[in-house]
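Peer 1: Protein chains in written order, with the working numbering: chain Y, 52 to 390; chain U, 52 to 390; chain W, 52 to 390; chain X, 52 to 390; chain L, 52 to 390; chain Z, 52 to 390.
Calculated from the structure, these hints are not laboratory results.
Among the hints, erroneous ones may be present.
No copy is singled out in the list; a pair is fine if it fits within one copy or between any two copies.
[What the hints assert, rightly or not] Think about it this way: if two alpha-carbon atoms lie no more than 30 Å apart in a straight line, the pair counts; the simulated DSSO-like pairs of lysine-lysine are: (1) K233 / K357; (2) K377 / K80; (3) K198 / K389; (4) K215 / K241; (5) K233 / K198; (6) K80 / K389; (7) K80 / K128.
Letter by letter, the chains look like this.
Protein chains: 6
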Amino acid sequence: MTLKAIAVAALSELENGQEADVFVLMTLKEELKTRDGKPYHKVGFRDARREVQFPVWSDAPTAEECRRSWTPGTFYKVRAVYRETNYGPQLDIRKIREAIAADAADGFDPDAFRPRSKFDAAVMFDELCGIVRERVADERVRELTLKLLTDHRTELLTLPAATKNHHGFSGGFLEHVLSVVKSAVFFADKYADYYPDLAPPLDKDLVVAGAVLHDIGKLRELEWRPEGPAYTDSGSLIGHVLQGRDMVRETAAGLAAEGRPLDDEKLLRLEHIVVSHQRLPEWGAPKPPMTPEALLVHYADDLDAKYHMLYCILRDDPTPGALTSKKNVLTQQFYRGKG
Amino acid sequence: MTLKAIAVAALSELENGQEADVFVLMTLKEELKTRDGKPYHKVGFRDARREVQFPVWSDAPTAEECRRSWTPGTFYKVRAVYRETNYGPQLDIRKIREAIAADAADGFDPDAFRPRSKFDAAVMFDELCGIVRERVADERVRELTLKLLTDHRTELLTLPAATKNHHGFSGGFLEHVLSVVKSAVFFADKYADYYPDLAPPLDKDLVVAGAVLHDIGKLRELEWRPEGPAYTDSGSLIGHVLQGRDMVRETAAGLAAEGRPLDDEKLLRLEHIVVSHQRLPEWGAPKPPMTPEALLVHYADDLDAKYHMLYCILRDDPTPGALTSKKNVLTQQFYRGKG
Amino acid sequence: MTLKAIAVAALSELENGQEADVFVLMTLKEELKTRDGKPYHKVGFRDARREVQFPVWSDAPTAEECRRSWTPGTFYKVRAVYRETNYGPQLDIRKIREAIAADAADGFDPDAFRPRSKFDAAVMFDELCGIVRERVADERVRELTLKLLTDHRTELLTLPAATKNHHGFSGGFLEHVLSVVKSAVFFADKYADYYPDLAPPLDKDLVVAGAVLHDIGKLRELEWRPEGPAYTDSGSLIGHVLQGRDMVRETAAGLAAEGRPLDDEKLLRLEHIVVSHQRLPEWGAPKPPMTPEALLVHYADDLDAKYHMLYCILRDDPTPGALTSKKNVLTQQFYRGKG
Amino acid sequence: MTLKAIAVAALSELENGQEADVFVLMTLKEELKTRDGKPYHKVGFRDARREVQFPVWSDAPTAEECRRSWTPGTFYKVRAVYRETNYGPQLDIRKIREAIAADAADGFDPDAFRPRSKFDAAVMFDELCGIVRERVADERVRELTLKLLTDHRTELLTLPAATKNHHGFSGGFLEHVLSVVKSAVFFADKYADYYPDLAPPLDKDLVVAGAVLHDIGKLRELEWRPEGPAYTDSGSLIGHVLQGRDMVRETAAGLAAEGRPLDDEKLLRLEHIVVSHQRLPEWGAPKPPMTPEALLVHYADDLDAKYHMLYCILRDDPTPGALTSKKNVLTQQFYRGKG
Amino acid sequence: MTLKAIAVAALSELENGQEADVFVLMTLKEELKTRDGKPYHKVGFRDARREVQFPVWSDAPTAEECRRSWTPGTFYKVRAVYRETNYGPQLDIRKIREAIAADAADGFDPDAFRPRSKFDAAVMFDELCGIVRERVADERVRELTLKLLTDHRTELLTLPAATKNHHGFSGGFLEHVLSVVKSAVFFADKYADYYPDLAPPLDKDLVVAGAVLHDIGKLRELEWRPEGPAYTDSGSLIGHVLQGRDMVRETAAGLAAEGRPLDDEKLLRLEHIVVSHQRLPEWGAPKPPMTPEALLVHYADDLDAKYHMLYCILRDDPTPGALTSKKNVLTQQFYRGKG
Amino acid sequence: MTLKAIAVAALSELENGQEADVFVLMTLKEELKTRDGKPYHKVGFRDARREVQFPVWSDAPTAEECRRSWTPGTFYKVRAVYRETNYGPQLDIRKIREAIAADAADGFDPDAFRPRSKFDAAVMFDELCGIVRERVADERVRELTLKLLTDHRTELLTLPAATKNHHGFSGGFLEHVLSVVKSAVFFADKYADYYPDLAPPLDKDLVVAGAVLHDIGKLRELEWRPEGPAYTDSGSLIGHVLQGRDMVRETAAGLAAEGRPLDDEKLLRLEHIVVSHQRLPEWGAPKPPMTPEALLVHYADDLDAKYHMLYCILRDDPTPGALTSKKNVLTQQFYRGKG
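Bound conformation, chain Y alone (with noise of 0.2 Å):
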């Protein structure tokens, strides 16, 4: 069976009663019973922008097929004619298939599905690789910190930076990441000029890395399932503090191996800045920071995702008037005022 005859379109940007072939994601199957007693499914299907939901009657077509095989969280090719209906958005289903890798060839990319950072994620990850350029002024710490960062670039460019906390959405990580970094930047010129007799010596290299590599962990913490972002077995039972540290200690060794080691108290330090970014002990952070660098990374991280979780509440709190609900993740009522 081929569905290709038709043209491939957005299930999102369909009219009223046009039959085409679309990318969706099942998202709801849910057995129910007529008022007489006959079984029917509820079943939903979505991409990024438009999701419907409908019955499939026990005399359907596709009945048989929906009750043995259709799976919610499998993407699928389907054609169907999309009708509005007093009951809402509806589609028709006429031929059905999982998606399969080939599909990308007429567009199909998981990633669409995902809601997805406001900024281009290819640009995030040249930014930050500049940065880290121009302001990690020892050789062997940017190698490193930039190993990390290209090695992985295709996964870090629809990262998110948490499952639903604050950035949850494709190129979250990279977004919050390159905030983090700017504010280290600021942070470190500006309090090095402030104590120039700390000693030893702020070691502003150590800043950017550590900011750059404070959340690299979420590579293995986390995965993109068509559910939405998700946590590992590893990232439940270890978490991205510990596995950002590894990947680090890794990196490091094997660029030890060619030769071209850290210095072992930079190396120490570093770690020490991804093992502490978040503080406290019931935050995660195995350690509280015990140098300038490590301080000032979990200020500039912890301001960013903060300041990004107010941002959504203040966008997502249906309360009316001037006050929001408590009800969000940072348990507490929020002002928008008379603005």
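Could you slot chains U, W, X, L and Z onto chain Y? The hints should help.
Peer 2: For chains U, W, X, L and Z alone, coordinates are given in the frame of chain Y:
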């Protein structure tokens, strides 16, 4: 009795055997007994850089006056010969009287006995006013902010930022606040750019004005005593958070009475920044930051205070080796390393 | 359109089939669909003791007006027939318009829609003033306290003590404060007798005045909305603890401007009582009670609030058996027993 | 050896040079060395109002006996000459032996060495019993309460309320309990009036009986040792909260055995008052107050203990100025003010 | 009316269409209305392994009796035809009456309706007594421990260990306590060997007896109700920790009265084990473990309860994938893995 | 200069007047002044069982060398006469030089200066390996566990388990770990039997291997310094929990490189045991125990550490009477009793 005949010098600059008039702060008066039961006093005097402690025996010419009237915490003008002995430096006191206001003519200045910021207070004050003029666009908010600074210029030049936890020296308030304001300006610009769709938009004026005024209540909470910065009664019972908001409100009321009222909503948001800048109830914030402006001021303030504490700990902790002790204001160890 | 022709009655007193004009508060408007997809509204109205909810079908004469303009939280004058049906009590609405100020002539009073204290507010107010007159010996403290009461008599008569945690009804402020004051008088007399050598002696005037004024900031923190007591913007961002102290200070400044200033020390101690009356930072006290007067007011207040909560829990908890559930404002079980 | 020949006096009333027999408590015995290496003892003795400390040189007549058998914490009858020297007051000991029970005939009373309530213990005891007789209407509850008091009258007269935190002196238990009971009576009357519809109604008998008995377990938890009030073994391992309930239950069982049982429900509620009177688990309450009676007793108790602590802090804190230090049992500063 | 004519069967073993007498527990009675407004009842009945829910229409022969007297939580003897319908399994009730004590002759046993331990309660009871006989060397401690077991054998066989947190089923007390005792025996042997010089030596008798008796107060704290294990009034107001100690003391007093007293010190230490076995005040321990014996019993108990909770979570959590949700009694996620 | 001419003895075995060569650790060097102002040094030396402290006067032959180069924390070979004086034991030093590696030939062993386990370290090591061989069925898990032990045999023999909180002596690691492993074996057997239907089944191999390896990171966290066990830099900044997991991962990677990889799931679960063994974030666990294996290892570890602390407190607390003070690592009182 006048002491004017010979030159006024600084205690810390006297040489062995030199006789001079010096202004000193009495730091110690302790009644002791010799082995054979005769009472004597151990006394101490200092200026900003040298302290001397020595006995006043019961048969010394000054013994009776010492016993009767000398009081620790008092400034004295003393004519004395300075001697370096096996028991340490001593003063052979010839004449002594309390310092008086008129001694200013001879260079007496209580502020000279205090530790002070390494930055020039007048320069910092001007820089702070300059930032307000440049970065606070709203005329009334700018006026209020500047008025609070200029009306208290004299006290602000010597005000510390705290009694001991951070910036506990003359000019410490300005050093801390100027640094907080610079971070606040950076944050305001950065996050206004990141989230142009924040609703209502970030009020950058208030971020700057709030950063300038967040600690203004220290003017009422703290006072210099000869022995160092101390809490006033109202500071202990009410606290600078509430007292700072009082000053903002009183000044706003004064401007309103002159026909130049602040916008109600802006004033409320500004008061809230002052009220919430310490974030947690147990840190003294009656309300947590509930606006984007308040959140930014809190982070700028918190980081600056913590970094200064860290700097002092690394500078002052006497523990040998790579790690400090945990006996410090942050109650944790810090790492100096091999640097 | 005028509704005046027939008698104005109370919704809660209508009998089945009776037609009347009633003043009601709209509490609900929900857009639903019938089984066959036709939209209709479910609406609700209430007075202080009866609530009715019923459908407005799409072909009802009021359907269009309902859809377009009826708004929950609005008071209406309604001419309707009251019917008790199988689906509960309903109104057959003939005419409807928003209630207006002039309706006061027909007995319209928003306060009548609120739950209210079982005690007469005016009597409580007078009793409170009487205690102040009798028990506050210092002329200026007495004057300030009475002025704050009498200047706000009208609002105080209907002010609740909180939005929901305790005494959240019209007159609740007076009921709570009067009870607190009585305990405070008892404590002041008792402990002044027990510890006559306390230095400085217990200032019984301040215990009484502080008890009267501890919650006065509720006047600025809370407001009545049709749906019940709610926080004002400034109440949310600043809070009644600070706002109450503002009122004390403003009144004291006014008296001082008229040449009748309070003693500074007494004013400071009075402000401190207001500031500290909730005792713990996490309960909203910027400072803990630091004087004997503040400690007594705190206990009188805390017990009265907690006992009222306990009373409400025992009255309202629906759990059968000897024990209540722990789903209440004090988050613990209470024991009713076999009583 | 008999010391009877000369008058028995109080140490604190001896005059310089006077010889007398005194009863004293040994408070100190320390082995020291002179500069040239000879061992001697520094010893101390006191009565309730004067303490003397002095050396017993190795060649003194009492040196050997001192070394061998004198024991701090022991009461002695001493014949000595009292001398005020440059090194402070001393005793020139002529004869010394341990105090014995028979010394009571000469006025020896260990209780006299203890700090004691300023109120007469016997009067307080009678007042307490009077309140029980008058205010506890239920015959069985009254009987149980009175029996617990009268069966332990002797110990109760000298029992402290705690080892050090509050009322840690002879008669302290009665002073504290009587005060708690008076507040409890006030609360019971007041809140029974306020909430006549409480269901089940407030049991005022239990409020009074519970207030009387809440700390009765101190009889088993505490004991007087020569050096002051101390915990018994069972007090440390079990605690007065549980031990007080034991006493209530044992007494109730005794009455039941005599055919005068308490109502089961009343007994359970009374036990619960004892169990919960410290309210929080971390303060030692296995259960929080779950009845109105228990809540009232808790507040009466808590305020009385805290107010006494505050009184002692204001009386004893040595810090000069308007504020105390925070080194006290309540770990916060208090304000004395300019009073 | 007698139901005896036909065989008594188990509800859970009935087949479609079978008529039988069954003992059932009523679990639900809800008054509802049909679409056309006619009232009917939805009722539910169950035995240990099957539950049926069905309507009793207003014209059914049992309708009036259902409305008037059937009560959820009551056991009934029912004669009915069992039918499996499209709407689930139903009972067509012919006769019904409350179960009575005499029904025991026909096999009626309330305990049969409860979830129960997979281990035979009588066997566990005997094993527990056997361990006491073998491992408690002190005659009096052994006697007290055995007496407490054997005096309550009947209730102990069905007692749960808690209402829901762990081992909340018939026999759960024995299952939990036997497991705790086995760990305690292991700990006692092991640590007595490791630290033979502990002073005073570890009292292994008390470790075993304390493990056996640590939860004995559950006999007074909990009771079986038809709907499951529940707290008694005294359990809620006093709690099993105190009630268990009561039972130990009462039994010891009884033995003492018979001339077989326990050693005071042993009894005190045994009481302390019961009092402290939950270790933290917020977990219900008035005192923390202060003896080696108490520490060992705490750990044996705590691990056994936690491991059982973990077992139930892994068994019951419905979340798909490698991780459970955190909605469980331990409020954290657990890992099932790929196993 | 050679000291070889006379016998090498142990400081703690010297008799009054004996001259000998001894290896000692310098513990103290303090510069003091005599009454008449002459500087001298007070110095201290010890071996494992005796410490001597005495003055080195400014005219002593060793005075200059003492002042210039002797350093506390250094091992010395000293030729001296041992004297017991009125001022305590002293050394009359004739010759002194730093100890060197070659002194091992004369029996010099830094480990001999440390407190040590009462158990033979080599025997414990062998027993530990024996348990692994016998109780870890999975070949690869067994291999990894044994490799980590045998690769570090030498250091493990003297490694302490902590710096001071528990088992802070040579061999302490082995004493603690062996005890934990024995409890873990008991738990694994017991709970595998109790819950045979646990899914996935309890992995007893991992319980044993996890117990053996839970603290293995102490090898990198701790080091012996002359003054006792101390934290390494990486121990302070990273900590043994993470470092132990590093060692497990590095060893697993090494085995994998040799073609003998562990099962991924087993490795992840093993890492998780190490990561979570301290359970609470504030105790240093980045993740809580999320598997049955991890829970068992945590309890075995926690009890063993706590019991050892309790043992030391009962042994060392100097408070007289039945109760210890609360000044100990567990910050609570313990009961010794009358035993």
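Peer 1: For every hint, state whether the structure bears it out.
Peer 2: For each hint, the structure was consulted:
When the C-alpha separation of K233 and K357 is checked against a cutoff of 30 Å, the pair qualifies both within a copy, at 16 Å, and between copies, at 20 Å. Taking the shortest alpha-carbon separations for K377 and K80, only the inter-copy value of 24 Å comes in at or below 30 Å, while the best intra-copy value is 32 Å. Proximity of K198 and K389 under a CA criterion of 30 Å is satisfied inter-copy only: 27 Å between copies versus 49 Å inside one chain copy. Within a single copy, K215 and K241 get their C-alpha atoms only as close as 33 Å, which misses the 30 Å cut-off; across copies the closest is 23 Å, which meets it.
In this homomeric assembly, K233 and K198 come within 30 Å of each other (Cα to Cα) only inside a single copy, at 20 Å, whereas the closest approach across copies is 34 Å. Taking identical chains as interchangeable, the C-alpha atoms of K80 and K389 lie at most 30 Å apart only when they sit on different chains, with a minimum of 25 Å there against 43 Å within one chain. Taking the shortest alpha-carbon separations for K80 and K128, only the intra-copy value of 17 Å comes in at or below 30 Å, while the best inter-copy value is 42 Å.
Checked against the numbered hints given earlier, this structure breaks none of them.
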